[in-house]
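K.L.:
Listed below, chain by chain, are the residues.
2 protein chains.
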Amino acid sequence: MITVDEHRARVLAAAPPLPAIAQLISDSTGLVLAEDVVNRWPVPLFDNSGMDGYAVHRADATVGATLRVVADVPAGSPEDPAMAAGEAVRIMTGAPVPTAADAVVPLEHTDLGTAISEAAPETITITVEPKEHAHIRRTGEDTPAGSVAVAAGTVLGPWQLSAIASAGHETILVHRKPRVAIISTGSELIDPSGTPERGQIPESNSVLLAAAVTQAGAEVAAVTRVPDDEHALRSVLTGLDVDAAILTGGASVGAFDIVKAVLDGTGSIEFTTVAMQPGKPQGFGLTEFGVPAFCLPGNPVSVAVSFEMFVRPALRQMAGLHDIDRPRVIRTAAASWRRKPGRVQILPVVFDDETVRPASRGGSGSHLVTSLADATALALIPADVDHVSEGDRVTVMVLS
Amino acid sequence: MITVDEHRARVLAAAPPLPAIAQLISDSTGLVLAEDVVNRWPVPLFDNSGMDGYAVHRADATVGATLRVVADVPAGSPEDPAMAAGEAVRIMTGAPVPTAADAVVPLEHTDLGTAISEAAPETITITVEPKEHAHIRRTGEDTPAGSVAVAAGTVLGPWQLSAIASAGHETILVHRKPRVAIISTGSELIDPSGTPERGQIPESNSVLLAAAVTQAGAEVAAVTRVPDDEHALRSVLTGLDVDAAILTGGASVGAFDIVKAVLDGTGSIEFTTVAMQPGKPQGFGLTEFGVPAFCLPGNPVSVAVSFEMFVRPALRQMAGLHDIDRPRVIRTAAASWRRKPGRVQILPVVFDDETVRPASRGGSGSHLVTSLADATALALIPADVDHVSEGDRVTVMVLS
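Chains as they are written, first to last, in UniProt numbering: chain A, 1 to 400; chain B, 1 to 400.
Because the hints were derived from the structure by calculation, they are not lab data. In this text, all values refer to a predicted model and were calculated from it rather than measured experimentally. Take these hints with a grain of salt, some might be off.
Since the list gives no way to pick one copy over another, a pair counts as held whenever it fits inside one copy or between any two copies.
[Claimed, not checked] 20 angstroms max Cα-Cα, derived DMTMM-like pairs, lysine to aspartate or glutamate:
| # | residue 1 | residue 2 |
| --- | --- | --- |
| 1 | K340 | D323 |
| 2 | K280 | E6 |
| 3 | K340 | E132 |
| 4 | K260 | E108 |
| 5 | K340 | E129 |
| 6 | K280 | E170 |
| 7 | K260 | E118 |
| 8 | K260 | D374 |
| 9 | K131 | E108 |
| 10 | K280 | E108 |
| 11 | K340 | E108 |
| 12 | K260 | D102 |
| 13 | K340 | E270 |
Using the sequences and the accompanying hints, generate a full structural model.
P.N.:
Below, the structure written as structure tokens:
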């Protein structure tokens with residue numbers, strides 16, 4: 001039996017970041033930037049107006065002065081009108097400030113106020129004097145051309161993508177999102193909407209894993225259910241073109257544990273026992289095609305726990321993320337429970353700002369899938385602890 | 001000028017949860033359940049084995065006893081073999097326990113251990129005596145038939161979806177994900193990869209909003225850019241079949257503010273000023289087609305801030321979520337800054353466990369999009385505060 005940390009280290013060593021690919025920014029939400037993005041130009045690109053108003057010579061724009069409006073510069077206009085002494089140019093927010101001007105007087109600082117017509121007025125009278133460079137956003141005052149707008153390794157959220165667009169880029173290098181195959185094995189499995197006969201149960205692991213893979217920032221490429229038939233499993237595996245495969249069931253010591261029968265010893269795949277409860281039987285390694293394969297036990301809670309401990313960190317590392325782990329907090333146990341020591345207990349729990357308690361409605365078995373629905377976190381109880389008492393401090397891995 | 005809270009209240013009143021629709025669980029990750037999901041059967045469905053091993057009469061299974069193996073029950077088998085005294089049945093994890101048995105002896109508690117062959121052995125000898133009902137998962141011990149597996153209002157993550165599948169459901173009622181149109185207006189806007197002439201700038205708001213809409217749990221239905229041309233905007237709006245529209249630019253008092261010119265007074269849409277900085281000019285209301293329309297100012301930081309304060313809460317409410325707001329924390333200012341009081345300042349910031357400071361590289365203007373890329377939160381500075389000093393306590397709206 002190996003420790004959770006040992007198994008995790010083995011998994012992470014075999015799941016390096018995927019190669020970078022060129023992709024449109026509009027398809028890159030949540031992905032990790034693989035190279036520095038540099039400003040193609042200064043930001044702002046040119047001196048532009050921060051207000052709707054009038055570009056003026058500041059020396060002319062004293063209170064009470066009447067200026068002649070000689071031109072009109074809307075946003076998007078390429079015009080750079082000349083301005084003699086005593087002249088002004090109507091200008092809209094974002095429009096280029098005429099080279100001749102050294103201040104912008106907002107609409108509300110003139111006699112006409114914000115009553116605006118489509119055509120510019122012939123004259124305006126100043127009511128509030130502008131400061132030097134008032135309401136002019138200067139070329140490059142945010143960042144100069146050639147500076148790094150967004151650095152390699154950054155996770156691309158809305159604000160980062162906006163900065164990249166402003167820096168003049170529509171296609172960027174990002175780490176590819178891992179494409180994942182999900183394979184549930186077991187002759188007992190039927191569709192959830194079916195009517196089970198004796199011995200049959202609804203298959204629930206694939207929907208759990210598909211949602212978990214998506215929320216981890218990876219992509220579900222294929223979802224397949226196979227009976228306990230080695231030939232069927234082999235044929236599913238042969239057709240896969242993915243970055244990782246997650247298999248459930250058939251990973252233990254049973255007579256019909258076909259995942260183990262088919263994959264053990266192929267590529268670098270090894271089946272082992274990990275000192276955790278649930279989730280003890282684990283298979284992992286690269287398939288003969290070089291694809292990381294996670295062979296998880298079949299019980300729903302084991303699947304949920306194994307995903308959180310091993311698969312999610314690996315998928316996030318493959319996606320180029322540095323922050324691969326869930327946050328952990330310490331809470332006070334609001335209940336007591338006994339357990340068999342020897343393995344780390346990983347228990348679905350509910351927690352609040354102060355306390356934590358088991359989520360289970362009727363027990364703590366790895367098959368208690370309904371109880372899982374109530375849980376919002378996993379408590380991690382060290383292997384040598386044989387009971388948790390109310391008031392004990394407990395480490396909680398927060399899921400959302 | 002109205003307050004941020006007043007505008008928010010107006011927005012939320014016009015954006016109720018969308019109607020529930022029937023949808024496959026595999027398409028429902030992150031959505032909100034619109035009705036209680038009830039177990040179609042007890043969970044577990046039948047007494048089943050928690051281990052690979054042998055079903056026995058417990059009275060027979062004393063240490064040293066040799067039992068005759070009369071049948072073999074793999075997972076998925078409908079068999080319910082009879083067991084006379086002194087007889088055992090090989091059974092795999094998850095398989096139905098024979099009605100005649102009252103305990104399961106794990107493989108490792110027999111003389112054969114985990115050395116397992118495809119065919120069941122003829123006899124086994126017990127090495128560790130089982131307790132009553134050992135390793136039998138009892139029918140309904142998780143939850144009984146007819147009980148609520150997952151309650152209406154629950155956000156559907158991996159674990160909840162798994163419980164729903166186990167409860168026997170593949171199609172559920174969920175609140176629909178809002179479908180959102182994004183319309184950037186402005187004759188100055190060009191593709192980010194283009195080469196701007198004087199007066200032109202790369203369009204960055206649509207990629208910001210598309211990513212933000214997606215991360216808020218809504219769906220981007222259309223992304224359009226229109227020049228400052230009323231006819232063009234009208235024609236885009238006429239074709240829309242969405243749950244909400246977000247427009248940027250043209251919402252203020254300028255001569256070419258076409259969003260205001262086209263939408264003001266139609267349906268329930270009103271343009272107003274909100275006591276916030278940035279983001280003062282805001283338009284909102286239902287279009288004549290009954291679709292909530294958010295008319296945001298055009299500067300990137302204004303768009304980012306307006307989205308967080310108004311659009312995101314509304315989209316999440318439309319999606320049926322109760323938790324519509326970002327978490328807020330209090331941090332200590334690690335820098336000082338002055339500001340013009342009168343409006344709430346909403347400032348892109350970076351923060352750690354203790355401190356917060358402005359994210360801006362060169363200033364705090366609403367056009368400083370590159371600085372936005374560094375920010376991880378928004379600081380909220382009350383309207384009456386004219387300066388923040390190092391050491392002051394600051395409210396921080398956390399974005400991730």
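K.L.:
Now look at each hint and say whether the structure bears it out.
P.N.:
Structure-based check of all given hints:
Taking CA atoms no more than 20 angstroms apart as the test, K340 paired with D323 passes in neither setting, with 33 angstroms inside one copy and 38 angstroms between copies. In this homomeric assembly, K280 and E6 come within 20 angstroms of each other (Cα to Cα) only inside a single copy, at 13 angstroms, whereas the closest approach across copies is 55 angstroms. Within a single copy, K340 and E132 get their C-alpha atoms only as close as 76 angstroms, which misses the 20 angstroms cut-off; across copies the closest is 18 angstroms, which meets it. Taking the shortest alpha-carbon separations for K260 and E108, only the inter-copy value of 18 angstroms comes in at or below 20 angstroms, while the best intra-copy value is 77 angstroms.
Only between protomers do K340 and E129 lie at most 20 angstroms apart by alpha-carbon distance; the minimum there is 18 angstroms, versus 80 angstroms within a single protomer. When the C-alpha separation of K280 and E170 is checked against a cutoff of 20 angstroms, the pair qualifies neither within a copy, at 47 angstroms, nor between copies, at 29 angstroms. Taking CA atoms no more than 20 angstroms apart as the test, K260 paired with E118 passes between copies only; the shortest distance there is 13 angstroms, against 76 angstroms inside one copy. Proximity of K260 to D374 under the C-alpha cut-off of 20 angstroms is found in neither arrangement, the shortest distances being 32 angstroms within a copy and 47 angstroms between copies.
With identical chains, the CA atoms of K131 and E108 are at most 20 angstroms apart within one copy only, with a shortest distance of 15 angstroms there and 87 angstroms across copies. Within a single copy, K280 and E108 get their C-alpha atoms only as close as 72 angstroms, which misses the 20 angstroms cut-off; across copies the closest is 15 angstroms, which meets it. For the homomeric pair K340 and E108, the shortest alpha-carbon distance between copies (17 angstroms) is at most 20 angstroms, but the shortest distance inside one copy (76 angstroms) is not. Taking identical chains as interchangeable, the C-alpha atoms of K260 and D102 are never at most 20 angstroms apart, the minima being 76 angstroms within one chain and 29 angstroms between chains.
Proximity of K340 and E270 under a CA criterion of 20 angstroms is satisfied in neither setting, with 26 angstroms inside one chain copy and 65 angstroms between copies.
Against the hints set out earlier in the document, violations occur for numbers 1, 6, 8, 12 and 13.
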